[in-house]
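Work the whole structure out from these sequences, hints included.
2 protein chains.
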Amino acid sequence: MKTPSVPKQTSQTIRNLINISVVVVAVVGAACAAAQGKDEPIQPIVPVKITNPAKVELGKKLFFDPRLSKSGFISCNSCHNLSMGGSDNLPTSIGDRWQQGPINSPTVLNSSLNFVQFWDGRAKDLQEQAGGPIANPKEMAFSHDLALEVLNSIPQYRAEFEKVYGNKELDIQLVTDAIAEFEKTLKTPNSRFDQWLKGSKKAITAEELKGYELFKNSGCVSCHNGEAVGGNSYQKMGVFEPYKTNNPALGRAEVSKQDADRFNFKVPTLRNVELTYPYFHDGAAKTLEEAVDIMGRLQLAKKFTPEETASIVAFLKTLTGEQPKLQLPILPPSQNNTPQPKPFD
Amino acid sequence: MKTPSVPKQTSQTIRNLINISVVVVAVVGAACAAAQGKDEPIQPIVPVKITNPAKVELGKKLFFDPRLSKSGFISCNSCHNLSMGGSDNLPTSIGDRWQQGPINSPTVLNSSLNFVQFWDGRAKDLQEQAGGPIANPKEMAFSHDLALEVLNSIPQYRAEFEKVYGNKELDIQLVTDAIAEFEKTLKTPNSRFDQWLKGSKKAITAEELKGYELFKNSGCVSCHNGEAVGGNSYQKMGVFEPYKTNNPALGRAEVSKQDADRFNFKVPTLRNVELTYPYFHDGAAKTLEEAVDIMGRLQLAKKFTPEETASIVAFLKTLTGEQPKLQLPILPPSQNNTPQPKPFD
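From first to last, the protein sequence lines stand for chains L and A. Quick note on the numbering used here: the first sequence kicks off at 340 and runs consecutively. Quick note on the numbering used here: the second sequence kicks off at 340 and runs consecutively.
Please note: incorrect hints may appear among the correct ones.
The list makes no distinction among identical chains, and a pair is therefore deemed to hold if it is satisfied within one copy or across any two copies.
Under the rule of at most 30 Å between Cα atoms (straight-line distance), these lysine-lysine pairs were calculated in the DSS-like manner [to be verified]: (1) Lys388 to Lys400; (2) Lys463 to Lys664; (3) Lys502 to Lys656; (4) Lys377 to Lys664; (5) Lys681 to Lys656.
In short, the hints are calculated from the structure, not lab data.
What follows is the structure, given as structure tokens:
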């Protein structure tokens, strides 16, 4: 085979162009390594700085205290279990007297990053959220008044509230403020993906990176973005195909009373999604593969191949961050005048 | 008033006797301070030395893992809550599907000191005990086979078992061995009473000491003695008067099938009794005052005055030891092939 002849000048021009290209590629590459993550739609989790450790410690006790429930058996940690990704890993939760909860328990991890709380956004922040389950007859089935009576009867709690809030009268606002302050510390920085975002190229594998590229290019990032990889918008569940479920939750429409908001739910965070199975507001998707497949078809009109799904799942597992290192709190004991739990009546 | 005259020699003899007495009292006093506790019927808790931290860590994970229950909601820690004195502070426990348990959940703290396990002693040690609740249809309602299937499906658990036990096939003996190893670490040394036993006279108040003297002199120590202040014998509940209860438990007779053992129960430890309310096998005594009063009348034919009861209760509260400082375990996530929890069917 004859090598095609190239005029000498042209050949030189090509060589020059190649040299320039090499330089350009090298410069762009270096810039990418330095600025990697800067232009990405996902940002690394900013670690928490605890400014009021006494309030956090009080909030932790309250979070773990089942005496905020009628039965004396259910605490915040029952359904937002910090040993299990801040969730209960059940389709829907178990409430007082084993009632079946209406909706999948969202993770408390990184929940301070959500723009609103609950799937339907009916609470504006963590403090407003925290009061809900205590008084919900299907969850902790207590009342705010009884919860306060319990706490007020326990001298160690009274002393801790006084230390944190001065001599304000104990009310539910202080209780939920302390719980929220604890919950704000439950961030999970330094996932492998965050390490990659910060420039550590080897933190994720080629397969995981391929999954991330698919996640970006297929449109998943249009809803799952930001520091929490979600949690910052409402979106309709079932855009291109309707989502079939027996779960009666209507989402945002229950708050706004607008028919247009039917099936609009807060987009959940994908941080630690490896730990927060099962998925969706009804907990119907048991595996990440199933969740990715359904999301692709219903939200993006895209049928991922099994290989694509596997890559995306591999990427999603890089979002597992450092779990909060918590010393189990020791709760102050009830006193003779503390209202008794009533588990069976 | 005239001072009675004493012959000179007699006076000298008395002075000598007084001097000798002072010396004797001083010597005995010093001996008491050094040997205080040596001859007491209660011994200080010997702190635990952890020799196999990997096994303890594995056991801790299993202790906190609700996937050892059918529902995926109940763990060992649900009824032996290490935030609450290793108990659930309920008269009887809540089991699968909110079934009411048959008996008060005994504390897991210092339970390695019990001569047998369960109120009726049907398990010889902690390992044998640990398998019970997992498979009890009224408690965790699972089966050993399903628990093993869950654990076997989770690579992180498999790796931890291999690290601790080599490449033995996973069976329930290994699971309960690890749980028991963790439970053996749950001792609570250095209570104020133990400090007093070791010679620190100021560790308890005069009122608390008075309570201890009453506790000894009234006969409470004949059953509540040793390192655990109990846990080392069976005794009949209701010696001088019958104990009235709606609880159907027969105690030791259910194991021995001997009528003479009816209402014989293992004497519970009084360590941390301030934290392990309510009291007795049926959890019917809500307060320590009530428990002391009933014990006095039924077991000792003794009606304590309210002041005596208060002193004994004050003493009992000096038995609260240092609670185990535990970092909340992070449980390895389920995999796609992990059997699903079945909370509602």
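Now the hints, each set against the structure:
In this assembly of identical chains, the alpha carbons of lysine 388 and lysine 400 lie at most 30 Å apart whether taken from the same copy (19 Å) or from different copies (28 Å). Proximity of lysine 463 and lysine 664 under a CA criterion of 30 Å is satisfied intra-copy only: 27 Å inside one chain copy versus 35 Å between copies. Only between protomers do lysine 502 and lysine 656 lie at most 30 Å apart by alpha-carbon distance; the minimum there is 25 Å, versus 41 Å within a single protomer. Taking CA atoms no more than 30 Å apart as the test, lysine 377 paired with lysine 664 passes inside one copy only; the shortest distance there is 29 Å, against 41 Å between copies.
In the homo-oligomer, the alpha carbons of lysine 681 and lysine 656 lie at most 30 Å apart only across protomers (25 Å), although the nearest pairing inside one protomer, at 41 Å, exceeds that limit.
No hint from the list above goes unmet by this structure.
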